[in-house]
Amino acid sequence: MQYFRILLAALLFFAVATNAQTQQQTVSLQGRVTSSKQTVLDRATIKVNNTVVSSSADGSYSIEGLSKREATVQVSAVGYQPFTRRISLTPGVNTLNIVLEEDAKSIEEVQVLGLTEAQEVNRQAYNVTAIDASKLYNTTLDIAGALDRVAGVRVRETGGLGSNMNLSLNGFSGNHIRFFIDGVPMDNMGSSFQINNIPINIADRVEVYKGVVPIWLGSDALGGAINIVTGNRHRNYVDASYSYGSFNTHRTVINTAVTSKSGLTLQLNAFQNYSDNNYKVHLEAYENRGGNYAESAKIPRFHDTYHNETLITNLGVVGKSFADQLLLGMVLGQNYKEFQTGARMQSVYGGRHRRGTTVMPTFKYSKKDLIEGLDVTLNANINLGWEQTIDTVNKRFDWFGVTTVLPSTSGEYRRSMYKYNNNEGSVTSTFNYALNNHHNFSLSNVFTSFNRKGSDELDPVNAQYELPSKTQKNVLGIGYQYQIEDSWSLTTFGKYIAQINTIGDRGRSEMHNWGYGFASTYFVNNGVQLKASYELTNRMPTPIEYFGDLDNQAPNPDLTPERSNNLNVGMIYSFQLQPDHHFVLNSNLIYRYAHDFIYTRFENNQQRLVADNREGVRTFGADADLRYSYKDWLTAGGSLTYQYLQNMQQIEPGFNGVSPVYLDQMPNIPYFFGNTDVSLFFRNIGRPHNNLNIGYNLLYVHQFWLYWPSRGGKAASDEKKFVPRQLSHDINLVYSLNNGKYNIGLEARNITDALLVDNFSLQKPGRAFYLNLRYFFNKKS
Amino acid sequence: MNIKNAILTIATAAMFVSCGKDDPAPANPGNFIIAVTPAASTGVADYLLTASSLDGGTISTQGQGVEQDGTYRYYLTHNNKFFSMLYGQGNPGAVTVYNIQNGQLTKLANTVTETVQAFTPVNDHILMTKISRNATNPTATWYTFNTNSMQVDGNGSLNTSEIAPGDEIAHFSWIKQVGNKVFAPFFSIKACCDAGFGTAYPDQAWIAVYSYPAMTLDKVIEDDRTSFIGRYFTDGMEEVENGDIYCFSASVATENGKDATLNSTKPSAVTRIKAGTTEFDSYYFDFEAASGGLNITDWLYVGDNNFVVLSDKKADKGAYNTGKTIGIINVIDETYKKVTGMPIESDIESLTGMSNYSERDGKGYIGVNLTSGVGYIYKIDATTATATQGLKVEGGTITAIEHLD
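Here the protein sequences come in this chain order: A and B.
Each residue of the first sequence is one higher than the one before, counting from 1 in the working numbering.
Each residue of the second sequence is one higher than the one before, counting from 1 in the working numbering.
If you're looking for bench data, these hints aren't it; they were derived computationally from the structure.
Quantities reported herein were computed from a predicted structural model and do not represent experimental measurements.
Cβ coordinates follow ideal geometry from the N, Cα and C atoms, glycine included.
There's no promise every hint is true.
No farther apart than 27 Å at their CA atoms in a straight line, the calculated lysine-lysine pairs in the DSS-like style are these [unchecked claim]:
#, chain 1, residue 1, chain 2, residue 2
1, A, LYS714, B, LYS107
2, A, LYS714, B, LYS81
3, B, LYS107, A, LYS298
4, A, LYS631, A, LYS741
5, A, LYS68, A, LYS261
Derived CB-CB ranges, DEER-like [claimed, not checked]:
#, chain 1, residue 1, chain 2, residue 2, range
6, B, GLY179, A, THR560, 53 to 59 Å
7, A, GLU510, B, THR58, 46 to 52 Å
8, B, SER211, A, MET417, 37 to 43 Å
9, B, LYS392, A, THR560, 33 to 39 Å
10, A, TYR644, B, GLU394, 23 to 29 Å
11, A, LYS721, B, ASP316, 36 to 42 Å
12, A, TYR573, B, THR58, 50 to 56 Å
13, B, GLU394, A, PRO300, 46 to 52 Å
14, B, ASP316, A, GLY657, 21 to 27 Å
15, A, LEU476, B, LYS392, 54 to 60 Å
16, B, ASN134, A, VAL678, 53 to 59 Å
Hey, can you work out the whole structure from these sequences and the hints?
The structure is reproduced here in structure tokens:
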């Protein structure tokens, strides 16, 4: 509670400070970009003095907090003549609508010049892929679903909506990858606010940093980081969508903001997911389980309901001279999840479930050019929510609902109502100082704290054996960048990570490590960009790895930090083979060597999982992503990833000879996968400003072994377990009316009804259909 | 377009690549089944290898063996079938049943039961028990698995509080059919809070006697000359040719489940229940004295009143440690002979415990896992007290040796 009090005091201080200054007027500029033929131009680049923004889907743009009264406005868009004008600004809101003339030189000669923010991110020296989320707003995807289409990324799920999910990035997975939302670590946000329940509509874009993580994402990622950028591109808008589909799945997302002329703002993001997940699963025949199991069967899941509801509220000011945004917020969330199975289809549950809540006050402050060249961002939050697994049904279920009564004091897996609160908070601060166009200095600090309290009403006696479970972690990063715009850049950085643990009766211990790295890029010409980056990463064991979750994961206080050498070399090549046929090829080679690698295994008495260190995992990998576009109505593309992870632990504990699985390929990790997509865009269908978009997506994952590839026979009678090839086809169709104000989407997932399994035997949904309705309204000026 | 075509072609081609499914015969067909686990620390299943002889040759998990799912498997042969049982972490346990045809394992059934902690053949069944470790739930559940129909055809529960002293509960170290009864030697555990497998009654031995198939409690045989019979997951009771039952006590009771708190004052010893009775008789063989300070951690009956014993020095004693010293005891003569011909103990990583093999012809076969990573099956001759290196096992640790006709 101490941190909470400090946080409250800080919030109060800023609230007072805000109040005192609301009278001050600031300068902003907004408007709309259209062509001389009255069509809306999105993705136009608008540069006002040194600030650059892009126009959104309806052609609108807005720039807040301009410091000078004289401004040079430069606007450019692919296929149009550039626009330049000097204007004088008055205090308050200024409006400038811009009309661009088509370029007489014809569109074929024009290279891709108008870059979206996502494309800008991709041009960084890091091995980074940014997903432009706005293109997916008319789908029912969550963040995880969108990430699954990125080269090098595999999202593995145990079932339908809300099921357990594990994202792997270049072969690293679980806690090796860190998640952020607007640069704030998501570790502490609870099960109600995770990438598999956050809809894509919350995000502006999603950035995937592979292996080398910039310091402003201040955390101790081992293998990379994912940053969800929510952005708030509109001052006054409503974006609401609702979808309904197979397995009684309902999803609602409402994003809205109201902002007064003085800059007072209220932002609301609300979303809800519900599904019965009652899709059919295939069951093997069993000799010993009576008539129901005599033959293989397909039967619906009966205990797999999931729902979550989240409300994010921010109140504050935007576009002030002292703050681009200063927001006090609250994230309220809850989720309910039934467990249908354990780790195998044979373990069927009929009552076991989980509940969780997120109650998280937040504070956000950001200001560009606080003094000229200095950008400041401050964020703080603490999660007061709780998590609980409830297992009180003393019955053994089978797939047909037949139950066997177990002793009254047993649960289905482990009788428990353990409820805990991790009291996790974080404070992040980032300072970025651009000395001039060439030199840039940055400093970032992230402090996180964890202090678990828990009890079980079924076993109150055990409370006295609750031992202190606390960690405090600080990640300090400093960086320097030298760049010559559109020619080359070099960023070097260092990170100092310190963690203090208080683990049960062992008392206090400290650990700290230095990491460092660089990222560099060189633009060979307009079409070719080369990239190289390296980082020595460090990761401290997480609280869950130390303390367990008192349910499925056992504690391991002996864990040591893990570290990894991550190297990326990449190239982006844009070219055209014939007029109108544009290609962008993004290819990367990666190398990783992780030491003291933390992985999860069964503990010795086989009851639970436990995290442990393993010496040495080495990865060589390559991925490529190719995009093709023809004029403005056809795009196609795909990505392909191959990665070879090897076990480098030469000696197993207790032995002095070489381990039989030394240099063996790491099992149970997808190593060859890809996806392709084709999208057709038809304008003015039915009536003007109504557009139709038809898309197809294919996902492919090659078969991989569950256990060590070199061990055991591979004949059918040797029963060597594998996760079979997965091939899934999705089709979607979106009809947008009135330039995207109303949207009707239809989606068909897994249209061939293929049996998809990812975590050995746990089956994912078959064919599914969804209808998605979305309304978008943005009030100008 | 070419690049994209190329990529698409590769992707499409890759989709049609799947592993070859030719069915080669195992490299070593035979009627012995050896379970080998490749790297314990990653929690991977065993591989089942076959061999025609335990006295020589080489087998390896490299590209050979039938994979067994799950981290810990236990094995048993009965009714000329091989049962592979998954210790299921609180989840249901799987049982896979094989027989051997032409020297090759052939799967007969894949079934599901409760996870089990002690199991034994009884008539045509396998009797399995799942034992509580929680004093608030003093119940052991039992199941009978019919080895002909390969179905669970009976179950029930046992009260593990009424047979244990004080507030503690009983945890069966093993169960075994004796005549038409089932004997269940147990250790007493606090099963609460921080003490778990600790006990306040370290100097007593108990055997619960149940009728079969009703599994009703007949009586509890008690003895205060030794600590409890057997060990966790270890069969400490053996019937010899004349029907007498011999029991060993490892003397590894603890105060709170941790080795540092070993609290029994009794030496490791062998005691006896005469055929047809349900009482310990006056027989008492002080193994610790006879062996010069060792304690038994496991044994294998090789016939004619001779046992191959695995034992530990007093300094290395622990509730879950498996000894690396091999000797022969004759329970009639009350003699102990150390076996010669074994590798030096510092080169031994572990010995195979519960699933070693003997035809009760005076010879026993023990799996010896060397720290070099190579394993051998050693033939132990009880009459000469000598060990002879036999079958070489590469690519993992030997966890069981079984045989089918």
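Status of the hints after comparison with the structure:
Proximity of A:LYS714 to B:LYS107 is assessed by CA-CA distance (about 16 Å); at most 27 Å being required, the pair is judged to hold. For the proposed pair A:LYS714 and B:LYS81, the alpha carbon gap of about 23 Å is at most 27 Å, so the pair holds. Note on B:LYS107 and A:LYS298: the hinted pairing holds, with a Cα-Cα distance of about 24 Å set against a maximum of 27 Å. Using a Cα cut-off of 27 Å, the hinted pair A:LYS631 and A:LYS741 holds, with the two alpha carbons roughly 24 Å apart.
Using a Cα cut-off of 27 Å, the hinted pair A:LYS68 and A:LYS261 holds, with the two alpha carbons roughly 19 Å apart. In this structure the hint that B:GLY179 and A:THR560 lie 53 to 59 Å apart at CB holds, the actual value being about 55 Å. Between A:GLU510 and B:THR58 the C-beta distance comes to about 51 Å, which sits within the given range of 46 to 52 Å. Between B:SER211 and A:MET417 the CB atoms are about 38 Å apart, so this pair conforms to the stated range of 37 to 43 Å.
Restraint check, B:LYS392 to A:THR560: a C-beta distance of roughly 36 Å satisfies the suggested window 33 to 39 Å. At about 25 Å, the beta-carbon gap between A:TYR644 and B:GLU394 stays in the expected band of 23 to 29 Å. Between A:LYS721 and B:ASP316 the C-beta distance comes to about 37 Å, which sits within the given range of 36 to 42 Å. Taking the beta carbon of each, A:TYR573 and B:THR58 are about 53 Å apart, inside 50 to 56 Å as hinted.
Distance hint for B:GLU394 and A:PRO300: a CB-CB separation of about 47 Å, consistent with the stated range 46 to 52 Å. Under the hint 21 to 27 Å, the C-beta atoms of B:ASP316 and A:GLY657, about 23 Å apart, fit the expected range. Here the CB-CB span from A:LEU476 to B:LYS392 is close to 55 Å, well matched to the stated 54 to 60 Å. Take B:ASN134 and A:VAL678: their Cβ atoms lie about 58 Å apart, and the range 53 to 59 Å holds.
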